[in-house]
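> Line by line, the protein sequences give chains A and B.
So that you can map any letter, position 452 of the first sequence is 452 in the numbering used here, and since no number is skipped, the others follow by simple counting.
So that you can map any letter, position 254 of the second sequence is 254 in the numbering used here, and since no number is skipped, the others follow by simple counting.
Hints were generated in silico from the structure; no laboratory data involved.
Each residue gets a CB set at the ideal place from its N, CA and C atoms; glycine is no exception.
One should not assume that every hint holds.
[What the hints assert, rightly or not] Which residues of chain A face chain B? A few of them, derived with a C-beta cut under 10 Å, are:
#	residue
1	R91
2	T194
3	W202
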Amino acid sequence: MDAVVRARTAAYICRSCTRRFQLQRRQQRTFASASAAKPDIYDVVCVGGGPAGLSLLTALRSSPVTSHLRIALVEAQDLAKIRSWKLPPDRFSNRCSSLTPSSAQFLDTIGAWDHLKRERVQAYHEMQVWDGVTDARIEFDWAPGTAPSAGTTIAYMTENLNLTSGLLSRLEELGGVSVFDSARVERISFGEETEELDLSEWPVVQLAGGKQLYARLLVGADGANSPVRSFAGIEAKGWDYDRHGVVATLELEGEGWGGDQMKIAYQRFLPTGPVAMLPMPGNYSTLVWSTTPENASLLKSLSAKDFTAMVNAAFRLSPTDLQFMHTQESGQAEEVSWRLEQTPFSRQAVPQTVTGVQEGTIASFPLKMRHADTYIGERVALVGDAAHTIHPLAGQGLNQGQGDVQSLAKTIEYAVSHGQDLGSRMSLEPYLSERYAANHVLLGVCDKLHKVYSVGSGPLVPLRSLGLNAVNALGPLKSFLMNQAAGNGIKVF
Amino acid sequence: MRSSLRHTRRVVARYGHARTPCSHLQSRAAAAGQPATQPPPAQTITARIQTRSLSISPSRSSSVNPEEISHFNALASSWWDPLGPSRVLHQMNPLRHDFIRQCQNSSATSSFAPGQKLRYLDVGCGGGIFAESAARLPTTESVTAIDPSTEILAVARRHAARDPALSTTLTYLNKTIDDLPLPTTSATQEDTTTTTTTTRFDVVSLFEVIEHVDNPSAFLDRCGQFVKPGGWLILSTIARTWTSWFTTNLVAEDIIGMVPKGTHDWNKYINEHELREFFRGRPEWWGAPQVFGVVYVPGLGWKEVKGSEKVGNYFFGVQRIQ
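From just these sequences and the hints, can you work out the full model?
Structural data, given as structure tokens:
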């Protein structure tokens with residue numbers, strides 16, 4: 001009834017007038033519930049306790065400028081479980097990320113780096129990238145004279161749980177955050193207007209059970225399907241790649257061709273998508289294989305022996321051979337062993353042989369590209385996957401999130417030290433202008449790389465092998481790609 | 001030329017066509033530096049007071065000009081729109097805090113002990129851009145903000161109600177500096193009959209105000225009495241040069257329309273050397289001034305540019321020595 005009346009009046013009354021009506025309605029409601037408890041007001045309410053959200057809160061708590069802020073964290077999972085996360089030294093989680101030196105530096109600045117289980121973090125110093133169709137190759141080692149010193153770290157491989165657990169440990173040490181975990185966000189709405197206080201532009205996060213958190217700034221660190229982003233009415237545009245990323249923890253025959261002190265990351269571009277093997281401590285590596293959903297489900301259905309054989313094949317055999325083996329329900333191990341005898345390849349140009357896969361670590365997730373139209377609104381800011389989702393081929397997803405957080409924390413610090421309302425759009429503008437374009441370029445580059453190399457034949461193939469060889473020869477472009485991997489920023493653009 | 005400008009601003013003030021609050025735009029061209037020509041005649045503040053006060057009722061009127069008030073009343077509604085016409089003022093606000101800190105750091109003596117919180121008096125607070133921000137600082141004990149315009153103060157109060165953090169630190173008073181009771185000499189004697197305490201302040205600020213005042217000399221003297229010994233009188237304004245006439249009156253108001261017509265009366269602009277002269281004439285009260293010239297660079301916002309105080313917008317701070 002009410003809705004009908006409203007719809008009818010709306011047809012006859014201009015928008016500003018209906019808004020006034022709604023305001024009056026809201027005021028009436030307010031007076032009716034005037035006896036309600038005093039609003040629980042926070043300076044920052046962060047929805048999402050993943051790497052981005054936890055880093056942001058750690059940054060805010062560890063800075064003397066922002067440590068007095070009243071902060072709340074809302075997370076769906078039980079954080080105590082993540083905090084006490086522990087695996088034996090010979091077991092590794094399958095969800096790993098590549099942390100650039102600048103991300104690691106930031107984590108160190110906010111005091112979190114020392115809280116990671118450092119013996120489980122693996123630095124790597126060289127990248128081998130090649131085209132599976134033509135074998136054209138880029139060797140991503142530092143050119144003479146450009147590297148600060150031999151064996152310079154390109155990035156650090158870290159289990160995501162090691163990172164979140166370390167951040168939680170640091171946050172616990174700092175204290176002062178109201179944590180609402182195992183919490184479900186029932187809805188996000190706006191506050192109310194009373195005679196003394198007008199909270200009609202303040203987001204209110206209502207948790208299951210009735211708890212209400214008023215936010216001067218509501219941070220959406222709540223992932224690709226961000227409820228905070230929906231609340232703010234910000235759209236995220238992009239596309240699905242029709243690819244899945246298959247992950248697994250692999251055991252290799254040795255520590256790698258370069259030994260413990262010179263770890264190498266490998267990536268081969270196959271027509272179905274890139275397959276990457278990234279070094280973990282000791283004889284272990286982590287796999288990220290982007291492939292079609294059908295191939296992914298076949299890989300997940302294989303025995304450990306056949307899966308291992310397929311991973312070895314992915315770095316060695318021709319795309320045609322691989323394609324054929326994806327049609328077999330089993331028996332890949334035998335297929336691979338005789339095909340390898342027929343295929344010439346340089347042993348040291350590919351990763352050492354995979355000897356096993358850790359039980360229960362094979363999993364997959366769909367790959368997509370998304371970019372929110374903006375990262376800020378009045379009293380809203382988005383960070384990490386809530387703002388952008390990137391193809392994993394450059395290992396930049398988590399680092400983009402860390403870059404966001406660093407910038408947002410700096411923006412909040414400036415606002416606080418200059419008496420600005422840290423939730424106002426005006427105060428948040430520097431964050432948007434610092435991050436949006438930078439993220440956009442990187443999203444675009446990774447998207448194009450995926451597209452150019454996801455073709456098995458046709459005119460693009462000779463062109464791209466020419467391209468890859470040319471890239472290898474072109475110093476400046478190569479060093480751009482290197483610097484990007486190492487998180488030294490976008491200098492070419 | 002001058003009479004026509006004056007005419008324009010009277011008309012605008014009467015009909016309320018103005019669209020932005022006061023702000024003075026100095027373009028990059030200005031920064032790039034045509035020489036800072038002084039337009040004739042370079043009057044002293046005192047001389048200008050004498051000529052001008054002939055036309056204005058002299059009683060209790062160091063600050064209030066009714067025309068100015070009605071002009072700013074018309075701007076009230078857009079004051080807090082960050083994308084609206086007062087954007088340049090919002091962008092300038094952080095620099096005010098930087099400047100105050102620079103002043104306080106420049107002096108070995110101060111009105112407050114380390115760790116002690118500060119009391120601010122913001123004169124001509126407008127919609128409260130500075131007053132709110134000062135009240136939010138963790139180092140602030142209280143902010144008293146005054147403005148003669150009822151309409152603008154209503155906007156300021158309504159906007160402050162949107163931030164619960166301000167309710168305990170920020171007080172708006174619809175008064176001129178002349179209406180505000182003079183502070184008692186001792187901090188213990190507080191006037192309990194008025195809503196404001198009448199102890200002196202660590203910071204008395206007059207941002208973009210003095211160029212709208214008829215009797216700047218009396219106004220500054222009056223404001224100065226509210227500053228604690230060791231505290232600072234801080235103001236920002238714009239130099240009266242050909243460049244500032246070109247950028248604030250002709251370009252910003254008449255051509256681009258970035259600042260509403262009638263916001264500025266170029267004749268009232270006060271040059272930095274005139275302010276220096278004024279405070280030098282009261283050596284028993286005031287120390288050597290701190291100055292900070294700023295330039296608005298389109299696309300980048302306000303930037304400090306050394307020496308630009310001779311050309312356009314500048315901050316000026318003096319410490320009260322006793």
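> Of the hints given before, which are not true for this structure?
Number 1 - this is the single hint that the structure violates.
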